[in-house]
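Protein chains: 2
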Amino acid sequence: MLIVQKFGGSSVANAERIINVANRIIDTYKQGHDVVVVLSAQGDTTDELIEKAREINENPSRREMDMLISTGEQQSVALMAMAIEKLGYPAVSLNAYQVGMYTSSTYSSARLKRISRERIESEIERKHIVLVTGFQGINRFEDITTLGRGGSDTTAVALAASLDADLCEIYTDVDGVYTADPRVVKNAVKLHEISYDEMLELASLGAKVLHNRSVEMAKKYNVALVVRSSLTNAEGTIVKEAANVEKMLVSGVAADKDVARISIIGIQDEPGKAFELFSMLSKAKINVDIILQSVGRDGTKDISFTVSKDHLQDALAIINDNIARLKATTVAYDDKVAKVSIVGAGMATNAGVASLMFEALYDAGINISMISTSEIKISVLIDERDTEKAVNSIHDHFNLGI
Amino acid sequence: MLIVQKFGGSSVANAERIINVANRIIDTYKQGHDVVVVLSAQGDTTDELIEKAREINENPSRREMDMLISTGEQQSVALMAMAIEKLGYPAVSLNAYQVGMYTSSTYSSARLKRISRERIESEIERKHIVLVTGFQGINRFEDITTLGRGGSDTTAVALAASLDADLCEIYTDVDGVYTADPRVVKNAVKLHEISYDEMLELASLGAKVLHNRSVEMAKKYNVALVVRSSLTNAEGTIVKEAANVEKMLVSGVAADKDVARISIIGIQDEPGKAFELFSMLSKAKINVDIILQSVGRDGTKDISFTVSKDHLQDALAIINDNIARLKATTVAYDDKVAKVSIVGAGMATNAGVASLMFEALYDAGINISMISTSEIKISVLIDERDTEKAVNSIHDHFNLGI
Numbered sequence: 052m053l054i055v056q057k058f059g060g061s062s063v064a065n066a067e068r069i070i071n072v073a074n075r076i077i078d079t080y081k082q083g084h085d086v087v088v089v090l091s092a093q094g095d096t097t098d099e100l101i102e103k104a105r106e107i108n109e110n111p112s113r114r115e116m117d118m119l120i121s122t123g124e125q126q127s128v129a130l131m132a133m134a135i136e137k138l139g140y141p142a143v144s145l146n147a148y149q150v151g152m153y154t155s156s157t158y159s160s161a162r163l164k165r166i167s168r169e170r171i172e173s174e175i176e177r178k179h180i181v182l183v184t185g186f187q188g189i190n191r192f193e194d195i196t197t198l199g200r201g202g203s204d205t206t207a208v209a210l211a212a213s214l215d216a217d218l219c220e221i222y223t224d225v226d227g228v229y230t231a232d233p234r235v236v237k238n239a240v241k242l243h244e245i246s247y248d249e250m251l252e253l254a255s256l257g258a259k260v261l262h263n264r265s266v267e268m269a270k271k272y273n274v275a276l277v278v279r280s281s282l283t284n285a286e287g288t289i290v291k292e293a294a295n296v297e298k299m300l301v302s303g304v305a306a307d308k309d310v311a312r313i314s315i316i317g318i319q320d321e322p323g324k325a326f327e328l329f330s331m332l333s334k335a336k337i338n339v340d341i342i343l344q345s346v347g348r349d350g351t352k353d354i355s356f357t358v359s360k361d362h363l364q365d366a367l368a369i370i371n372d373n374i375a376r377l378k379a380t381t382v383a384y385d386d387k388v389a390k391v392s393i394v395g396a397g398m399a400t401n402a403g404v405a406s407l408m409f410e411a412l413y414d415a416g417i418n419i420s421m422i423s424t425s426e427i428k429i430s431v432l433i434d435e436r437d438t439e440k441a442v443n444s445i446h447d448h449f450n451l452g453i
Numbered sequence: 052m053l054i055v056q057k058f059g060g061s062s063v064a065n066a067e068r069i070i071n072v073a074n075r076i077i078d079t080y081k082q083g084h085d086v087v088v089v090l091s092a093q094g095d096t097t098d099e100l101i102e103k104a105r106e107i108n109e110n111p112s113r114r115e116m117d118m119l120i121s122t123g124e125q126q127s128v129a130l131m132a133m134a135i136e137k138l139g140y141p142a143v144s145l146n147a148y149q150v151g152m153y154t155s156s157t158y159s160s161a162r163l164k165r166i167s168r169e170r171i172e173s174e175i176e177r178k179h180i181v182l183v184t185g186f187q188g189i190n191r192f193e194d195i196t197t198l199g200r201g202g203s204d205t206t207a208v209a210l211a212a213s214l215d216a217d218l219c220e221i222y223t224d225v226d227g228v229y230t231a232d233p234r235v236v237k238n239a240v241k242l243h244e245i246s247y248d249e250m251l252e253l254a255s256l257g258a259k260v261l262h263n264r265s266v267e268m269a270k271k272y273n274v275a276l277v278v279r280s281s282l283t284n285a286e287g288t289i290v291k292e293a294a295n296v297e298k299m300l301v302s303g304v305a306a307d308k309d310v311a312r313i314s315i316i317g318i319q320d321e322p323g324k325a326f327e328l329f330s331m332l333s334k335a336k337i338n339v340d341i342i343l344q345s346v347g348r349d350g351t352k353d354i355s356f357t358v359s360k361d362h363l364q365d366a367l368a369i370i371n372d373n374i375a376r377l378k379a380t381t382v383a384y385d386d387k388v389a390k391v392s393i394v395g396a397g398m399a400t401n402a403g404v405a406s407l408m409f410e411a412l413y414d415a416g417i418n419i420s421m422i423s424t425s426e427i428k429i430s431v432l433i434d435e436r437d438t439e440k441a442v443n444s445i446h447d448h449f450n451l452g453i
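Going down the list, the protein sequences come from chains A and B.
Quick note on numbering: the first sequence equals residues 52 to 453 in our numbering.
Quick note on numbering: the second sequence equals residues 52 to 453 in our numbering.
Looking at chain A on its own, in the form it has when it is part of the complex (with noise of 0.2 Å):
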């Protein structure tokens, strides 16, 4: 079998881990398989390289960005290759220029466009391990670009894709995919299975295992995905196509903290007011995610969403630049609250799992302020310090637990 693996930063933080990591990697060699592995870079590396930055430029531009935090990654690859070789096996360390990984022009966000076989093909003929760095790619003008924050799961997803990898093994400080978050639910169990599209609604809701560009990825080209943990031997959750749906009507419970609520009052009800406000945000890439509009008083109307804690201020001043335009009298934001989902594919042909939800909030006393839903989750808006009783008293609604 052709295995891609990939380790993040906190898995290659020192030299006891990293050698720790080459053991895992020669353990896959030695049963005959062709590893190629993908590696992050050490630990707070990235972070302390942007800091560094920061001293001299607090804007620096995002080019020079891409080609201060690429070495980052390029010294990970080499220094494992350095410990597998002391192991005794062949290894390799390869980087985006030497592999071929051309992405989109975009710096500190490209996109991946295309990965050479060559190089990598013809590591894996000479039988050497292949350890390529994650996260990063280069452009058509052969400058370093960066796939943005946790983009290594991406790198392995694309290079899985790419060499027609039997399976992608992503290793990371969990051992899979759980029901909730183990630290907030006790009795949460590990999945054994999950869907893409479920693993998608869970990445995005702030479960955290998985970045996901990189489930997107491995669902449009089929990628056999595994999360696992690199520091047991536990088996981890399998994503792929069709998770077993009958079984399971609800996969998980997701919480968000990193979520601010902003609310327009007294809109003047014309149409197009809400696609003004909307394309003002996206025009200045900020992600609104739920929305509800009301009906106010005087033929006027309220609209209140919710962004990302980091996008709250820029979109305040945005609002306020523009609330004349708007015809709104208010803007009121509310940065305490969290956004707590459900996630299962079998939602959509099941009746009740909405009002089973809404039922444990209830009985936790937990107060809603905006619902969402599409065909595999329900997202709901509460305060903030009720985030743990909620996940909780959901997770024991569905019998998630053991």
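Simulated from the structure, these hints should not be mistaken for lab results.
Everything numeric in this text was worked out from a predicted model, so none of it was measured.
Mixed in with the good hints there might be a few duds.
Chain copies aren't distinguished; within one or between two, either way the pair holds.
Here are the simulated BS3-like cross-link-like pairs (lysine-lysine), alpha carbons at most 30 Å apart as the crow flies [as the list claims (entries may be wrong)]: (1) Lys-308 - Lys-259; (2) Lys-308 - Lys-270; (3) Lys-103 - Lys-360; (4) Lys-137 - Lys-103; (5) Lys-440 - Lys-81.
Please build the complex by placing chain B on the supplied structure of chain A, with the hints as guidance.
Positioned in the frame of chain A, the structure of chain B alone reads:
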């Protein structure tokens, strides 16, 4: 004019120094010149990376070592680009790939073979200040190589040659080439100019101002070279083809304590014995400097020679392994010696230089254990403890001071 400037690791060791250097670069650019800058890794970065590698593998492959340590220069050029941009001027950083800096395949001591002009010239055309990673290249496999310690000087001179630059400025922590080490000889004088050949002798004699290979390359391609301080605005020393030979019989005095003497006693006086010895050492990449052969007793001869201190143990091991084959009786060594040399292009045509040097040493009560001469230098091996006294006495006798 097109000017190539090179700044070493201590000049870019922290944010403050990077901004200082950025200002210097901009000063040149503002005078209307095209500027290409070569940078080393920051301060101790290279040493820290080597230490990191050693924690994992005390004998890492050179390929992976080059992959690892080449990240240091990439960080420097990116940070410098950010500093220049912060100050309002356009800059772009380029690594060895992007420039097309092709070298031989020998990792960790590669030789520059060919530099593509396209990318740099197109950046210059767009009026960018171009920042290039020193010390590194890529080989024909597209793998990263490094040029060995001090290789950034060579990068700068090679770029100047390849781009037909009008001037190559090497910025360092001294403000030029002196008649002797100013820390040892109080009245040492800065030379206004010096010839390539003299500089070559001084570099290899331990003057530590310029990397030897860079001077060879400057001589070969007739690159106008200036050595000057990155800390002051002092004029520096020009290194060129024919310096003012008449005026200066002797350009300077240099001392080198990184030297050890090995003596092999009682070698059977047969043809080829010396050749055998030195070819064994050469195969082990051990450079031999001064050689002295003397006739011993009973049809035997003694051979003494010097090597650098870090080659001493290897050399002794090789000799001891082959002592029977060499038909020698004893091997002795002394690592408490120093080599003191005078260099001057006018020396060859002037009798009396050698005797004045010996007189200087005699007056200071210093014993000479070996002597070596070339057209433009005389070197003597003395007791290490006499080094400073020797350099001062020679400096005085040749009236090199102010």
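Please flag the earlier hints that this structure goes against, numbers listed from lowest up. 5
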